[in-house]
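With the hints as constraints, model all of the structure from the sequences given.
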Amino acid sequence: MTGHRPSPVTRYRRHRLNSFERRRDVLDSRLHRWRTLRHRRTLVLLFCGIYLAGVALGVVAVLHEQATLLALTAALSLAACVLWVMIRTLIRMEDMAPPEFLDEYELARQLRLRAATTHFYYAIGLVYAGIITFGSVWALDRGWAMRDLYDLTYTTGMTMFLIIGLIGAIPGLVLAWTLPDPTDPDLLLPDTD
Numbered sequence: 001m002t003g004h005r006p007s008p009v010t011r012y013r014r015h016r017l018n019s020f021e022r023r024r025d026v027l028d029s030r031l032h033r034w035r036t037l038r039h040r041r042t043l044v045l046l047f048c049g050i051y052l053a054g055v056a057l058g059v060v061a062v063l064h065e066q067a068t069l070l071a072l073t074a075a076l077s078l079a080a081c082v083l084w085v086m087i088r089t090l091i092r093m094e095d096m097a098p099p100e101f102l103d104e105y106e107l108a109r110q111l112r113l114r115a116a117t118t119h120f121y122y123a124i125g126l127v128y129a130g131i132i133t134f135g136s137v138w139a140l141d142r143g144w145a146m147r148d149l150y151d152l153t154y155t156t157g158m159t160m161f162l163i164i165g166l167i168g169a170i171p172g173l174v175l176a177w178t179l180p181d182p183t184d185p186d187l188l189l190p191d192t193d
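Per the UniProt record's numbering, the very first residue in the sequence shown carries number 1; after that it's consecutive.
No wet-lab data here; the hints were simulated from the structure. All values reported here derive from a predicted model rather than from experimental measurement. Warning: the hint list may mix true and false statements.
[Said to hold, decoys possible] Pair ranges (Cβ atoms, derived):
1. VAL85 / TYR121: 48 to 56 angstroms
2. LEU149 / ILE124: 16 to 24 angstroms
3. LEU78 / THR153: 44 to 52 angstroms
4. GLY168 / THR42: 19 to 27 angstroms
5. LEU70 / SER7: 45 to 53 angstroms
6. ASN18 / ASP103: 17 to 25 angstroms
7. TYR154 / ARG22: 36 to 44 angstroms
8. TRP138 / VAL26: 49 to 57 angstroms
9. ARG13 / TYR121: 40 to 48 angstroms
10. SER7 / VAL82: 36 to 44 angstroms
11. GLY157 / MET93: 45 to 53 angstroms
12. THR118 / MET93: 52 to 60 angstroms
Cβ coordinates follow ideal geometry from the N, Cα and C atoms, glycine included.
Now the structure itself:
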């Protein structure tokens with residue numbers, strides 16, 4: 001008797017689910033002391049503050065041609081990356097969980113967060129496309145030097161790149177902010193009334 005071989009899509013989904021479960025098992029063993037709601041919220045605030053400060057410093061560094069500020073921006077970017085890895089570890093990458101892994105509530109929450117970030121992407125994309133397109137034409141009409149036009153285009157493009165990165169982080173940040181505290185007594189000992 002020959003068995004029915006699963007389709008490539010089914011094999012891929014199974015592989016993705018198994019891979020995700022293995023990564024979650026590894027992440028469960030890390031950063032236990034940081035898994036409280038208070039620590040996660042502190043990390044979210046630190047991440048947002050450092051990330052936005054890096055964007056602002058990067059713009060100032062380009063406009064004023066300050067290499068020192070660019071180096072500081074790079075250091076802030078590295079710190080933001082470390083914080084992002086910590087946040088993703090603490091939420092056990094739930095923002096990227098395959099649909100088969102989630103229950104109905106978690107799947108609905110994930111889809112709502114993704115829909116919200118899609119709206120942000122469209123809005124930011126339209127604003128920055130307008131700045132690059134119409135700002136460049138306006139600058140040329142005003143007689144700006146080509147160097148100034150390059151600065152405008154570069155700065156706009158870089159801030160768009162960085163802000164889109166932050167928008168992509170929104171689902172993970174929201175989950176880190178809202179997931180219940182694993183030390184909550186109501187979660188550890190369910191009410192038996």
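Hint says 36 to 44 angstroms; check whether the CB-CB distance for SER7 and VAL82 agrees. holds, 40 angstroms
Between the beta carbons of LEU70 and SER7, is the distance compatible with 45 to 53 angstroms? holds, 50 angstroms
Range hint 52 to 60 angstroms (beta carbons of THR118 and MET93) holds or violated: violated, 20 angstroms
When you take the CB atoms of VAL85 and TYR121, is the distance between them in 48 to 56 angstroms? Check failed, 23 angstroms falls outside 48 to 56 angstroms.
Starting from the hint 36 to 44 angstroms, judge whether the C-beta atoms of TYR154 and ARG22 obey it. Because 41 angstroms falls inside the window, the suggested range holds.
Falls inside 40 to 48 angstroms, the C-beta gap from ARG13 to TYR121? violated, 26 angstroms
Has the hinted range 49 to 57 angstroms been met by the Cβ atoms of TRP138 and VAL26? holds, 52 angstroms
CB-CB spacing for ILE124 and LEU149 relative to the 16 to 24 angstroms hint: Once the Cβ atoms are compared, 22 angstroms apart, the range 16 to 24 angstroms for ILE124 and LEU149 holds.
Please check whether ASN18 and ASP103 have a Cβ separation lying inside 17 to 25 angstroms. holds, 19 angstroms
C-beta pair LEU78, THR153: status relative to the range 44 to 52 angstroms that was hinted: violated, 26 angstroms
Is the hinted range of 45 to 53 angstroms satisfied by the C-beta distance from GLY157 to MET93? For GLY157 and MET93 the Cβ distance comes to about 29 angstroms; the hint is violated.
In this structure, is the beta-carbon distance linking GLY168 and THR42 contained in 19 to 27 angstroms? holds, 21 angstroms
In this structure, the earlier hints numbered 1, 3, 9, 11 and 12 are contradicted, and the remaining ones agree with it.
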